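Going line by line, the protein sequences match chains F and G.
Per numbering that gives the first Met the number 0, the first sequence starts with residue 0, numbered consecutively.
Per numbering that gives the first Met the number 0, the second sequence starts with residue 0, numbered consecutively.
A pair counts as met if it fits within one copy or between any two copies, since identical chains are not told apart.
Computed cross-link-like contacts, SDA-like style, restricted to lysine to any residue with a CA-CA straight-line distance of at most 25 angstroms: (1) Lys-172 / Pro-215; (2) Lys-176 / Leu-260; (3) Lys-306 / Leu-381; (4) Lys-139 / Ala-255; (5) Lys-139 / Asn-226.
No lab work stands behind these hints: they were computed from the structure.
Note that the structure is a prediction, hence the values are computed from the model and not measured.
2 protein chains.
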Amino acid sequence: MKRYLPVLAVLILLGADLCLAQTDQPTIKEDFQPSTLNQPGQEYPQVNSQGYARFRIAAPQAQSVSVNLGGRGGTPLKKSDDGAWTGTTAAPLDEGFHYYHLSVDGGTFNDPGTLNFYGSVRWESGIEIPAHDREFYALKDVPHGRVQQILFPSKSTGTSRRAFVYTPPDYDKNSTKRYPVLYLQHGWGEDETAWSTQGHANLIMDNLIAEGKTKPFLIVMTYGMTNDAKFGTIGSFNIAPFETVLVNELIPYIDANFRTLSDQPHRAMAGLSMGGMETKTITLKHLDVFSHIGLLSGGTISPEDVKNTPGFEKKAKLVFVSFGSRELGGNRGGGRGGFGGDPKANADALKQAGINNVFYVSPDTAHEFQSWRRSLRELAPLLFKD
Amino acid sequence: MKRYLPVLAVLILLGADLCLAQTDQPTIKEDFQPSTLNQPGQEYPQVNSQGYARFRIAAPQAQSVSVNLGGRGGTPLKKSDDGAWTGTTAAPLDEGFHYYHLSVDGGTFNDPGTLNFYGSVRWESGIEIPAHDREFYALKDVPHGRVQQILFPSKSTGTSRRAFVYTPPDYDKNSTKRYPVLYLQHGWGEDETAWSTQGHANLIMDNLIAEGKTKPFLIVMTYGMTNDAKFGTIGSFNIAPFETVLVNELIPYIDANFRTLSDQPHRAMAGLSMGGMETKTITLKHLDVFSHIGLLSGGTISPEDVKNTPGFEKKAKLVFVSFGSRELGGNRGGGRGGFGGDPKANADALKQAGINNVFYVSPDTAHEFQSWRRSLRELAPLLFKD
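Here chain F stands alone, though its shape is the one from the complex (with noise of 0.2 angstroms):
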């Protein structure tokens, strides 16, 4: 596992670093809304039509506070006369999903105003800069499915464990029915929560459905144990406890306890970041076991994989490669090139060897929520293609 160090300690660096989108703008414009994903009432934070974001923090007495927002040393914050601290950012920030924290006098709190996301380890702030392209993760009055939370007997762990099953809108209705299955990961720092919470993962199935736009399948997510100290550090993690859980005792008991098609045609793995490394691991260990495979910003499958797994071209139905563009080269993104070789190319060299091969960009989003959602998004009507 030493290869992917250098890589995916970039990738989760860039990472927290890529969120402001990279357009110049002039005027700041005096529309500011509170964002969408504020507690009930709040009115901060706020973002505009450019999508800057502004913020307001009641600390009469503090010393200074400012915004953490995707590490690049942060908004700081003015004392109002009214004792409030508010700033603007610099620049807009890029479409989507951003996490967040404050520093207030040297210590780590949340924005009073925002919802909670798992991220980096912790229950962090969420903003949301609306989207061009808001509509596909939208709640519209369509019918919609359910996410589910069970609880599943783990011997190799000693516990029961927590996974969300999003089954699809007749997923209810016809007792007969059965469905295929996406195992869908999150990344470092981030749990079990983050693809129906900040995915939007339901929403985005409900609203694809309606369309006509793929078949209805579940959706199971479960923790991928990457923050784990058995799981290690980057450097050296150990992928066995989780692929314990997940292939041992996780799909028997979803394929006992849903109405499932359980064979590997049927079944599919997909992950962001250290998700999508762990995805790549697991399923070329176990292509009698998974038949669509999805990288999401988590790595690519070069021709020099597909020659090392013995049945590849014959047992992988799917590949799916995809980054947001900022990722990807230019100023900032630095170029994901190491980890596993440069996609475009492996996806040429995979497609040129008769490999059913998908790539992906994400426009003008980085290492990001955004980048993903469109990835499942773009992900879901190519599974399970009878």
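The hints should help you fit chain G onto chain F, whose structure is shown.
Just chain G now, with coordinates in the frame of chain F:
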């Protein structure tokens, strides 16, 4: 509804005031452990075997940091040499769950060490004092039901609304069996997440079912609109919008989308605090819809209520009323006698009148979730007896 005003104001203020236990402990035992509600890997806050809580907040440049726990003025923290602010409560806390937040230099923030829970119309920090009877809501190696997040269409409010539905462990094993339903409401300042998070309603049911102590049934938890502007202030709340959502929209949706027994004998409603008031108002108006009534620290049913509700004796199969012992008088409780009359006297009168009526008092707890966890444990086995 005006008659509820003084009593509800007392109820909410007392609720905030009553979480310190009344025992005097001369020496603080140094056996502190991290609270079970801490974020992964966080050492603080801690609790000891006597129920004292100890806090540690890093904020090296702050001027003042204090803990607001139950509105008693809080625990002021002192700055240590390492820049962290530490302190221990002046007295042990009651067993169970408590909301709290920090005051840092005059601003309100959450403790970055703990998970957040929706209460007081904001996401608050939470701390858990291990209760002597905590086994009944512990995560055990028993078959687990699910907590299903649904989004149901609501014409009256023009949106899809969220609810959580607990389905018992055998719900998906037998695709023809139908189940009774309990509609279970949170209190003022809380939302639909409360009962399955800080309330552990799912684990309480899993454990009761595993021990054969209760029939399996569904629990439906949605937002009671108690914090909405149009719900009104405490003195003038308007139940109509929530009554419409619950009776005309949610119940038909549940009956159409889950395998319920959809008749009056198999439908119950219960709620805590203001959710109890909602329960009383709605059930007395809709005794053709609900047969079982549970008021948890949220009023009582008086003989006059019975007299004013035609058909009550025939239609109401159970009246369950509960309180925490500290709510019922003594030094701190002040008594809740005004809220629909003295609860014990009302219970006795209803019993005299031949109405199936159970009165439960949770020992040594206040207007807090430990009272309500225990109340659900007591209520569940009484529901839907043939």
